[in-house]
Amino acid sequence: MTNKNKIDSFDARAARITVLSDRVLGPPNEIDAAEAEDLLRAVNIDPQELKAEFHRRFDALAKQHAARGERVAPLLKRALADFRPGVPHSGPERELLREAQTAIRQVLRQTQQLPQLLQQLADLTLATAYRKRKELSEHDRELLDEIAEQLRNRGKDGKPGPSSKRKR
Amino acid sequence: MTIDYGADLSELAVRLAAFAQRTFADFGLGGPDAALTGVGLSPEDFAWRVLEDYVEGRLAHEASRGDVFALLATALRNDIIDSLRKAAHMREEKRSSLPRERNSSDSAPSLDELPANARDVSIILEEEEYCRRVWASLAGEHELEEMVRAILDLNLHKPRDIAAALGISPAEVQNRKKRLRRRFIEHHVFNEVRP
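So the sequences go chain by chain: A and B. Each residue of the first sequence is one higher than the one before, counting from 1 in this note's numbering. Each residue of the second sequence is one higher than the one before, counting from 1 in this note's numbering.
What the hints contain is simulated information worked out from the structure, not anything from laboratory work. No residue lacks a Cβ here, since even glycine has one placed at the ideal position from N, Cα and C. It is possible that some hints are incorrect.
The list that follows gives simulated cross-link-like pairs (lysine to aspartate or glutamate, EDC-like), each with its CA atoms no further than 16 Å apart [to be verified]:
1. Lys-77(A) x Glu-141(B)
2. Lys-86(B) x Asp-11(A)
3. Lys-178(B) x Asp-11(A)
4. Lys-178(B) x Glu-35(A)
5. Lys-77(A) x Asp-53(B)
6. Lys-77(A) x Glu-52(B)
7. Lys-178(B) x Asp-32(A)
8. Lys-158(B) x Glu-30(A)
9. Lys-63(A) x Glu-52(B)
10. Lys-63(A) x Glu-56(B)
11. Lys-158(B) x Asp-22(A)
12. Lys-77(A) x Glu-56(B)
13. Lys-178(B) x Glu-141(B)
14. Lys-178(B) x Glu-30(A)
15. Lys-158(B) x Glu-172(B)
16. Lys-178(B) x Asp-38(A)
Using C-beta positions, here's what the derived DEER-type ranges look like [said to hold, decoys possible]:
17. Val-107(A) x Glu-141(B): 55 to 65 Å
18. Ala-63(B) x Arg-56(A): 23 to 33 Å
19. Glu-186(B) x Arg-23(A): 18 to 28 Å
20. Arg-71(A) x Gly-167(B): 53 to 63 Å
21. Lys-63(A) x Asp-45(B): 14 to 24 Å
22. Gly-69(A) x Glu-143(B): 55 to 65 Å
23. Val-107(A) x Asp-45(B): 41 to 51 Å
24. Glu-141(B) x Leu-96(A): 35 to 45 Å
25. Ala-136(B) x Arg-71(A): 50 to 60 Å
In isolation and in its complexed conformation, chain B is listed as follows:
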């Protein structure tokens, strides 16, 4: 195990907390004050857990496998996905144990079985649903819409290819991605989650 003494841990924590917000938005989970249903953890809690594992030596970092932030961000995202799986499993067990009304269908859950701000896991894992939320966050932002279209419709990956297709510089592509991340997270927290 290699300890990266050069990394400022408080800076890592802030970046991880921001990435946890983005991952919650990716999966349509909760808001800033919300916790993941079933496991009761907020985005900041997930950032803390991964940082604690790193500091306590439970998460090994090999310098040859990229910087420490990349390692911790991947671990954080996997932790959120694992918790989402557990939450879905717990909800399914709870659902199957509840008595059904005589006229209710066998498979459809009744509304009171679902926590107030939770989404059905099968829906939030749909790519179409993800794209819907991305587009909804961009309403009125022509430059950002143009870039997302180049990524999704033209299937472009590299910043220089996207830049060439749009007639802008790769630095401008990075700048727009930065704006896009902010719009997506803000929209998720203030429009998708809150009434």
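Chain A with its partners taken away, still in its complex shape:
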């Protein structure tokens, strides 16, 4: 038998086994995450240990890239985040965690920019003096009388007030 025939024979036979396997056991994507964890535990493999080991390997890979001065690819960053030990196991929880981290980073960035933003505002005055007064000044009384007068006039013009519907 020639080498080519041997290879063909090997490939053809291996392909037949894979077809048979998929017929009997189902296609690969029928194994979901919960079943996969169950299958690993059945053969004494701890899924959390496996994830921790893969995190160590991805971490080493990222360090190799950094040592060569290369940019760490987005998918490798994602792998480091997904495999990090101690993060929630469920997908939605991890998505929430990612959103929260993004929001916190944004708030911190804005906080750091606050002094520059304040400097851009001209003639900024803070009205703290009013809070210390115990009695109304003449000016305050005039303002309040003016508002009361406006409200009385609105009633006389027959404009419905906010509670008019409920009274009907």
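Based on the hints, put chain B in the right spot on chain A.
Only chain B this time, still in chain A's reference frame:
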């Protein structure tokens, strides 16, 4: 190349490691602590290799060609088959270079040429041998035997056809397949491989 940002990579890793166990069982290779003879890789190593290729961009994923797990599982199985071919080739080269006893036959290998837990590749690629291992893993499980008979003897493929033949629901067929996968892998690791 499309990067599937929606896929949780740690979840993919666990599914790939489980599928690697199944593929080792399909080809009658090693146990949980074993590595494929000749290349020295365990099922978890194969899962790692394919995931590393994906993360490093060496394995391109087209969204139109199914989900990312299907792509990685196919790549993983092909990698195991390639390694099995290399292992068989290496063993053959080693065998041909060994001096033979004067009275030994020309073709039959002596036992010490074969690694302790390795099977002859020509045997593990036999469909009959595969079916033998499937049946051996089902001993005493009537429901699972019934389903495998419908698949192999009646040549049924689709879950709804199998369900109709057995008078059960398609969901029950999926449930039995799940049990079958577990029985097959467990049997392989604890009965076929370990003494």
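For each hint, the structure was consulted:
1. Lys-77(A) x Glu-141(B): Given pair Lys-77(A), Glu-141(B) is violated - Cα atoms ~46 Å apart, limit 16 Å.
2. Lys-86(B) x Asp-11(A): The hint holds at about 12 Å.
3. Lys-178(B) x Asp-11(A): violated (28 Å)
4. Lys-178(B) x Glu-35(A): Distance of about 8 Å is within 16 Å: holds.
5. Lys-77(A) x Asp-53(B): holds (14 Å)
6. Lys-77(A) x Glu-52(B): holds (12 Å)
7. Lys-178(B) x Asp-32(A): With a Cα-Cα distance of about 10 Å, the restraint between Lys-178(B) and Asp-32(A) holds, given a limit of 16 Å.
8. Lys-158(B) x Glu-30(A): holds (13 Å)
9. Lys-63(A) x Glu-52(B): holds (14 Å)
10. Lys-63(A) x Glu-56(B): holds (14 Å)
11. Lys-158(B) x Asp-22(A): holds (11 Å)
12. Lys-77(A) x Glu-56(B): holds (11 Å)
13. Lys-178(B) x Glu-141(B): With a Cα-Cα distance of about 13 Å, the restraint between Lys-178(B) and Glu-141(B) holds, given a limit of 16 Å.
14. Lys-178(B) x Glu-30(A): holds (9 Å)
15. Lys-158(B) x Glu-172(B): With a Cα-Cα distance of about 13 Å, the restraint between Lys-158(B) and Glu-172(B) holds, given a limit of 16 Å.
16. Lys-178(B) x Asp-38(A): holds (10 Å)
17. Val-107(A) x Glu-141(B): 55 to 65 Å: holds (57 Å)
18. Ala-63(B) x Arg-56(A): 23 to 33 Å: Taking Cβ atoms as reference, Ala-63(B) and Arg-56(A) lie about 30 Å apart, which means the hint holds.
19. Glu-186(B) x Arg-23(A): 18 to 28 Å: With a Cβ separation near 20 Å, Glu-186(B) and Arg-23(A) satisfy 18 to 28 Å, so the hint holds.
20. Arg-71(A) x Gly-167(B): 53 to 63 Å: holds (59 Å)
21. Lys-63(A) x Asp-45(B): 14 to 24 Å: holds (20 Å)
22. Gly-69(A) x Glu-143(B): 55 to 65 Å: holds (59 Å)
23. Val-107(A) x Asp-45(B): 41 to 51 Å: With a Cβ separation near 43 Å, Val-107(A) and Asp-45(B) satisfy 41 to 51 Å, so the hint holds.
24. Glu-141(B) x Leu-96(A): 35 to 45 Å: holds (42 Å)
25. Ala-136(B) x Arg-71(A): 50 to 60 Å: holds (52 Å)
When held up to the earlier numbered hints, the structure conflicts with 1 and 3 and fits the remainder.
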